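Visitor: Letter by letter, the chains look like this.
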Amino acid sequence: MNFTYFLFFVCIVICTLIITYWAARRSKTTIQFYTAAGKLTGFQNGLAIAGDYISAASFLGIVGAIALNGYDGFLYSLGFLVSYLVVLLFVAEPVHYLGNYSLGDVVCARFPSNQMRWIMAIGSFIISIFYMIPQLVASGLLIRLLLNIDYSTSVLIIGSLMTVYVVFGGMIATSWVQIVKTILLMSSTFLLSLIVFSFYEWDIHALIDEVKVGTPMGDQFFMPGHLLTNPLEVISLYVALILGTAGLPHILIRFYTVKNASEVRKSVLTASWIIGLFYVMTLVLGLGTAAVIGYDQLIAADSTGNLAAPLLAKALGGDFLLAFISAIAFTTVVAVVAGLVISATTAFSHDIYHHIIKKGKTTEKQQLRAAQWSALAIGLISTLFALGLENINVTFLVSLTFIFAASSNLPIILFTIYWKRFSQAGAMIGMISGLIASLTLLVLGPHIMNIDNGWILREPLFNLYNPGIIAIPIGFLGAILGTFLFPQKDPINFERFYLKAQTGVEMKERR
Amino acid sequence: MKDLTIILLERIGLLLVIAFVLTRIPKFSTLLYREFNTKMTIIHACVFGVFAITSTHFGIVLSNGEIVGTGFVGSVEPDQMVVSLSLIAVVIAGLLGGPIVGLGAGIIAAVHLVFLGGIGWFANMLVNPLTGLLAGLTGRFFSKARVISPVQALFIGVFPPILQMQLLLVLYPQNESIIHFVNLAGLPLVLSNSIAIAVFTAMIGIVLNEQENEAALATKQALTIAEEALPFLKSGSLSDQAEGFANLLYDRLKVAAISVTSQDEVLAFKGIGAEHHQVGHKIITPLSKKALKSKEIQIAYSKVDIACEHPECPLEAAIIIPITEANDTISLIKFYFRKSQHIRPIEKELAQGIGQLISNQLKVIASENLKANIKDAELRNLQAQINPHFLFNTLHLIATLFRVDPKRARHITIQLANFMRFNLGIASESLILLERECEHVKAYIEIIQARFSNRLQINFIQERTISKVLIPPSTIQPLVENAIQHGLKTVTTNGKIDVFIEKKGDKVQVTVQDNGVGFDEKEIENIMNNRKSIRNNGGIGLYNVNQRLISLLGEDARLHVENLPRGSKVYFTIPNGTVRRTLNEN
Amino acid sequence: MDTIKRWKQEKRLFVVWISVLAVIFYLSLPLSLAFIPDKMNKPSLFGLSWAWIYAFLQVLMTWLIGWIYWVKAKQLDQLVERMRQEEAE
Chain A
1 MNFTYFLFFV
11 CIVICTLIIT
21 YWAARRSKTT
31 IQFYTAAGKL
41 TGFQNGLAIA
51 GDYISAASFL
61 GIVGAIALNG
71 YDGFLYSLGF
81 LVSYLVVLLF
91 VAEPVHYLGN
101 YSLGDVVCAR
111 FPSNQMRWIM
121 AIGSFIISIF
131 YMIPQLVASG
141 LLIRLLLNID
151 YSTSVLIIGS
161 LMTVYVVFGG
171 MIATSWVQIV
181 KTILLMSSTF
191 LLSLIVFSFY
201 EWDIHALIDE
211 VKVGTPMGDQ
221 FFMPGHLLTN
231 PLEVISLYVA
241 LILGTAGLPH
251 ILIRFYTVKN
261 ASEVRKSVLT
271 ASWIIGLFYV
281 MTLVLGLGTA
291 AVIGYDQLIA
301 ADSTGNLAAP
311 LLAKALGGDF
321 LLAFISAIAF
331 TTVVAVVAGL
341 VISATTAFSH
351 DIYHHIIKKG
361 KTTEKQQLRA
371 AQWSALAIGL
381 ISTLFALGLE
391 NINVTFLVSL
401 TFIFAASSNL
411 PIILFTIYWK
421 RFSQAGAMIG
431 MISGLIASLT
441 LLVLGPHIMN
451 IDNGWILREP
461 LFNLYNPGII
471 AIPIGFLGAI
481 LGTFLFPQKD
491 PINFERFYLK
501 AQTGVEMKER
511 R
Chain B
1001 MKDLTIILLE
1011 RIGLLLVIAF
1021 VLTRIPKFST
1031 LLYREFNTKM
1041 TIIHACVFGV
1051 FAITSTHFGI
1061 VLSNGEIVGT
1071 GFVGSVEPDQ
1081 MVVSLSLIAV
1091 VIAGLLGGPI
1101 VGLGAGIIAA
1111 VHLVFLGGIG
1121 WFANMLVNPL
1131 TGLLAGLTGR
1141 FFSKARVISP
1151 VQALFIGVFP
1161 PILQMQLLLV
1171 LYPQNESIIH
1181 FVNLAGLPLV
1191 LSNSIAIAVF
1201 TAMIGIVLNE
1211 QENEAALATK
1221 QALTIAEEAL
1231 PFLKSGSLSD
1241 QAEGFANLLY
1251 DRLKVAAISV
1261 TSQDEVLAFK
1271 GIGAEHHQVG
1281 HKIITPLSKK
1291 ALKSKEIQIA
1301 YSKVDIACEH
1311 PECPLEAAII
1321 IPITEANDTI
1331 SLIKFYFRKS
1341 QHIRPIEKEL
1351 AQGIGQLISN
1361 QLKVIASENL
1371 KANIKDAELR
1381 NLQAQINPHF
1391 LFNTLHLIAT
1401 LFRVDPKRAR
1411 HITIQLANFM
1421 RFNLGIASES
1431 LILLERECEH
1441 VKAYIEIIQA
1451 RFSNRLQINF
1461 IQERTISKVL
1471 IPPSTIQPLV
1481 ENAIQHGLKT
1491 VTTNGKIDVF
1501 IEKKGDKVQV
1511 TVQDNGVGFD
1521 EKEIENIMNN
1531 RKSIRNNGGI
1541 GLYNVNQRLI
1551 SLLGEDARLH
1561 VENLPRGSKV
1571 YFTIPNGTVR
1581 RTLNEN
Chain C
2001 MDTIKRWKQE
2011 KRLFVVWISV
2021 LAVIFYLSLP
2031 LSLAFIPDKM
2041 NKPSLFGLSW
2051 AWIYAFLQVL
2061 MTWLIGWIYW
2071 VKAKQLDQLV
2081 ERMRQEEAE
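First to last, the sequence lines map onto chains A, B and C.
Just so we're aligned, residue 1 is where the first sequence starts under this note's numbering, counting upward by one.
Just so we're aligned, residue 1001 is where the second sequence starts under this note's numbering, counting upward by one.
Just so we're aligned, residue 2001 is where the third sequence starts under this note's numbering, counting upward by one.
These are calculated hints, taken from the structure and not from any lab test.
On a predicted model such as this, the values are computed, not experimentally measured, just so you know.
Hints are supplied without guarantee of correctness; some may be wrong.
Here are some of the chain A residues that sit facing chain B, going by a computed Cβ distance under 8 Å [said to hold, decoys possible]:
1. I195
2. L316
3. D319
4. F324
5. L457
6. P460
7. N463
Quick reminder that beta carbons are idealized off the backbone N, C-alpha and C, glycines included.
With the rest of the complex left out, here is chain A (with noise of 0.2 Å):
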């Protein structure tokens, strides 16, 4: 690793230290850990939203996406940015007005028990943990390559940072961690596109002939079916996108952060309006990638295509551009895995801990102890288990969260907020067959069992890479077919319930 390497890396560090050290001595309440105490602008928690939601994967992974694939790998990123829409039209409101600190919190306002809480609970720390393993050995795997340290090193530096900030500096850091994290990525994401453009002297039609020689696929590189050759896999990739990202809950937590309604409206805009500009941008790079490089180099690097973005760094600002746009990678990355530790964190010590184990009798300080305690104990297990799962198929990791989130926790939410008659059980059996849909589904299918490369070399049983077209339907209807079986017994007034979803109103008991 070269001086300029490390003096980007450490700056980062310091920085990030920084932000934590001013939100530890902000953070010394229950729900300014959780939530940062509602005090977030709509503005900063859209920007700190697009820094929970833009993982590495995204950053790095698309632009090789699109440097390989062409227009496929940016219908890919489409889906994420459309996925938006279901968030700000039917769940952040609801979500906002229901919930105080968990996503729990929603469902238990309409069924409150302790069962529906540990569903609800386990719910949210699978998807986190299940994400964060993946993103954790991503981004140790990235890490290695940029600045060539270990694996192991590199998942310790990662899993610490992300222990720190959450532990000492809870939502409130982990928010400004994210904002800094979007404000520098697009920064450089924008200057780095400038770059790529003034290099064909803003001829677009140089770029795009440059394109075509730099791939062995020419013409076709603009045109559609290359990743994605079976029809029903692109509907069902597609789903998936645009339903998951309503169901994951270090998404949904963070519309705690603000205090009322339009500001929640102001955070989902936001954050769309990044993120689509931000996979515009990528498109840009990913084609100076595929210019630039060419598809050859690209490959020659690394098979993934995940170098892409540092590769055309070094390409066209030399060591020092590369070494700033490592950095700035490396900040993506502590940033999404300190959203997910805080939303595994509630889940834990809220959901279970809290109302739970304690049932609801705990101290302000207890709580915020346990909090902490949590994070800690969360922090360190997923590093642990990064360190051992170096091999991990991560893409089936990636996938099967988006599918559950799609599959079990969307259905339950939507139905909580929008069906009248919906009951406990449904929603119980609803998340269990969407668990064991979405499961089953990845583990029959060519992720798994595959002759090539698979953990069990066979025929897929089940031949489709992204079964969410399949299980989340069936998410859906076990949610249905549990509120046919098992109609709720005393269910409340759903009228006032509905009202306070959308409005936060109140109404009184007329009845």
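Keeping the supplied structure of chain A fixed, place chains B and C upon it in accordance with the hints.
Guide: Just chains B and C now, kept in the frame of chain A:
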């Protein structure tokens, strides 16, 4: 790369030394007071712009990756590149003064860089205003504090050179020498810039801290002085107050001289130039008059402003502080200085503080007096309610009248009832309508008239158009009573009392005039100022009426006593149309 | 009570209408790519193929729908404010 870093750090060391010396100059520190107005913004932008130009010259010139010469930047050949340090100054400007100041300083630095020229001049130019603007916005976004902490600055300082490098890459694409330059100079610039900006921020932080400490000290001093001044303010005569106060201020403050004036003349002067600034001089300075009128602090920065007639007066600057009481400026305190530079913001703050504190003290004293006066009124009222002589005499009168003139007896009974009822209600309000007061006086006059019909004639003359005027209750009746009991004590026949209520300009004048013995000339002054005057009635009398008028309606409403060729006249004026204002305030 | 009814109607109408529109718009991209790839690859404006135009339109459409929702929600907020006051009475 190592050599470049070391050279840049050396240059920055020099720059910081100069900057440090600058911050030690008292005049410079006034620049750091953040006043957000157009003038200060322009001044700040210019100062930092000049600083940025200096920093540019403290940079180095590169030619093909080699450092050219050992001196500072002079001229730049077209094939050379200047490595400027101007971003440091521009970032500081943005962080300290906000986006506009940053932009301004950046533009100044940019214009200068254009004239220097060299390779990459366009990017070097563009990055300066951009950085200034962004630094300003960043400072606002991340920190609400006045000056961000050095560690934050260290972090923010990393990015301007990165931006510069990227702009170079954007604007000069496919240029090997630029990429080479970026690789060579990028890191040294990042290092040196961020360190310099951090150290600079720390330095400014220290200066501001010092200033804040001074300000805190000034506040404390103002408080102490105000406290120590209390005894003087309570003491009787105006000149005593002024004398003591001037001495106190002169002892406590580092000023050339102190003067204390009334509304029109100097009451006390202490310090340099005392031989020609003498007590009793009239106030002539336009600024003093302005201060009296506007009730705001005025500052004289030159001899002309002070307008001292003495040709060799050593005093060149002054702060003029108005002291107010009941919305009137009653006095001026002046701090004199030998040089206008001696007036720092600290002195202004101190002056302001002292002015306000003293005014507040006076307000407190006034309200204490007011309370005492209201007590007097209540007391007086209580006495009136049970004044046995008056009551018995009147009852006796009524009893007598019933035999002679029952109709009149009934009328007097009703008047007595009115009079008593008014007395009962009097304590609840501090101001009442003039009409009600007149009813009261008329009832009293009727009763008295019935008693002394043979030896006394009382006329009550009121202008019709007067209405809606407020007056402290029971102010006119005591004057009439006083005229009867004292002025006409020795008069047995043809005693005459006239009560006039008439408009005088925008005021209303109330006059009570008698044809009795008049006042003892020597006593007139005492009557107003001394409770123990001979002509008073057991603690109630003209003195109390006077006090109540002053405390409730201001100095303008005070009683005036005059001896006439035959008899005497007591009058006062009250503002017309006070009703609306007072009612709104309540 | 009338305010609540009115708010409910307006909100439901708006959400249903806009989500149907959005679903059709978004799903038609993968569907058309899957079933009419030839037509989608025909060049259209600015030398871009329909597939690209449609993809960019999806980004713009997301922002547009977000903006429409923002405006509509502002209107509905007034009704909500009225409801809140009525409930407080």
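Visitor: Can L457/A be said to touch chain B, with a Cβ gap under 8 Å?
Guide: Result: violated, 48 Å to nearest chain B Cβ.
Visitor: Let's test the interface hint: is any C-beta of chain B closer than 8 Å to that of P460/A?
Guide: violated, 46 Å
Visitor: Is the interface hint for D319/A satisfied, with its Cβ closer than 8 Å to some Cβ of chain B?
Guide: holds, 5 Å
Visitor: Minimum Cβ distance from F324/A to chain B below 8 Å?
Guide: F324/A check passes; min Cβ-Cβ to chain B is 6 Å, inside 8 Å.
Visitor: Close enough to count: is the Cβ of I195/A nearer than 8 Å to one in chain B?
Guide: Nearest chain B Cβ about 5 Å off; hint holds.
Visitor: For the hint on L316/A, does the least C-beta distance to chain B fall short of 8 Å?
Guide: With a minimum Cβ separation of about 6 Å from chain B (threshold 8 Å), the hint on L316/A holds.
Visitor: Go through the hint on N463/A and say holds or violated, using the shortest Cβ distance to chain B against 8 Å.
Guide: Since the shortest Cβ distance to chain B is 46 Å, the answer is violated.
Violated hints, listed in ascending order, are 5, 6, 7; each of the other numbered hints is respected by the structure.
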